[in-house]
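Using the sequences and the hints given, assemble the complete structure.
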Amino acid sequence: MTWPPLRIVARTRDVTLTGDVPPAAAPYLTAIRTVDRGLTARVGLEGPDGTVLRASYDGRRGALEVTREGRTKRHLSRRHARPRDPSELAVTLAGPVATAWTVEPRGPVARAQVLLDEAHPDLDVHDEAWCAGVAPANGRLAGFGRLGLRDLRLVTYADGSPHREEGGPLLLTATAAGPAGFRTAHTVVLALEGLATPEDPRDTPRLVHRADLFWRRPERPGVYGDHATHLVRDGDRWLAATSTWGDFHPTRHPRVTTTLATVPAVPGADGPGTDLTRGSHVLDTEPLDLPVEGLSSVGTWDPHLVRDDDGSWLVGYVSARRFFSFHPAVATGPDLHGLSLSAAATERGQCEGTTLLRDPDDGRWRVLATEREDGRTGYPVLDLGLRERDRLDAAFPSNLPWPTLAQVPGATGPEWVMVGFDGTTAGGRLPGYGTHGDLVVQRATR
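Once you know that position 188 of the sequence shown is 188 in the numbering used here, the rest is easy, because the numbers rise by one and skip nothing.
Be aware that one or more of the hints could be misleading.
To be verified - Computed beta-carbon distance windows for the label pairs:
1. Arg140 <-> Leu295: 46 to 54 Å
2. Glu219 <-> Glu166: 35 to 43 Å
3. Leu115 <-> Arg220: 15 to 23 Å
4. Asp284 <-> Arg389: 25 to 33 Å
5. Ala395 <-> Pro121: 41 to 49 Å
Hints were generated in silico from the structure; no laboratory data involved. C-beta: ideal position from N, C-alpha, C; glycine also.
Dropping the structure here:
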């Protein structure tokens, strides 16, 4: 088909230091309290071994204090310490990074930060028992929130159609951005409410935080905030495929691969049944070996799973020849543990967000992606051999927004919407790359 033009109809920002679901036994935690202007305040996260991560405010400046083995070190930024009209003080743990925050009229602003794996390499914040024993001091404990959203995907059934409760909103997985790059982000499940309907033609999108997903890995101990996730309802089970960004470091043996969690969705012999779209979950995973035979590949990520009519699986993903030069690939197989490479678009260099979608006119699978290369940006539409057949006529805000498309009820019938993101940052100047983006909704113009 010729895809209809899509244009931006709404944007929304989803930035908060606290999640809306109970905290998990994972290193993504927040302690927060109110603060009066000009008065001193402190709030902390206390570990079961006596480690304390504490944000302090002396009426003029915000700082971070780390107590380890009875010794306390105060970290004060010369350039970022002075808040403006703070209403709350918070300390967060996101992966191996501790950050002190003030919440101000413009939102949360980072005031001091410590990379714990460098300052205290003997402290294993990924230890599940340690995380379970963390308690708040002088504040309220919550799961860490998000400094923007990226890597948005529909929660789907195995046939690729959106998984929706009857009459309910679209459900999405997203990468909840953290304050210091890949290692501080994690996976969330969101409900996208407020899209236009035949009864109400206004698009007023709002996101409802439904779940946090964290991951155990077979090859190393601990709990990680892996992300770029696809959540699939396959009959009586959930399949959750994710990318191991949760401990990625660009200079320390950089590596990213993909894993798969299989979780009973209804009670049965394999377990009690779990709704992964609600609550906080730490999931066991196994390797999802995405084939790279014949490719010069240092990593794979962005898995997207669909089951074809004959029962075989199609998996779209990204393979990187180096960090960061990457291209789409597609694998097929009778099951997810017997995949073979069927196509790779090695001529592309910054192209990701590989998404499988049926052409509603002829029923054929198409591969959608997003690219930014040599001054060109856009959304190529490829066949299963990864030959370009079309391009989406859609706005490309900034960063690398994924082409997440769904049909929703419109005034005269089903209409296409595309849910993406941009590179709008949050959290002030102290956090590094990765604190983005805003949600961007586009809708077909005909």
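Each hint, compared with the structure:
no.: 1; hint: Arg140 <-> Leu295: 46 to 54 Å; result: 48 Å, holds
no.: 2; hint: Glu219 <-> Glu166: 35 to 43 Å; result: 40 Å, holds
no.: 3; hint: Leu115 <-> Arg220: 15 to 23 Å; result: 19 Å, holds
no.: 4; hint: Asp284 <-> Arg389: 25 to 33 Å; result: 39 Å, violated
no.: 5; hint: Ala395 <-> Pro121: 41 to 49 Å; result: 45 Å, holds
Checked against the numbered hints given earlier, the structure breaks only hint 4 and satisfies all the rest.
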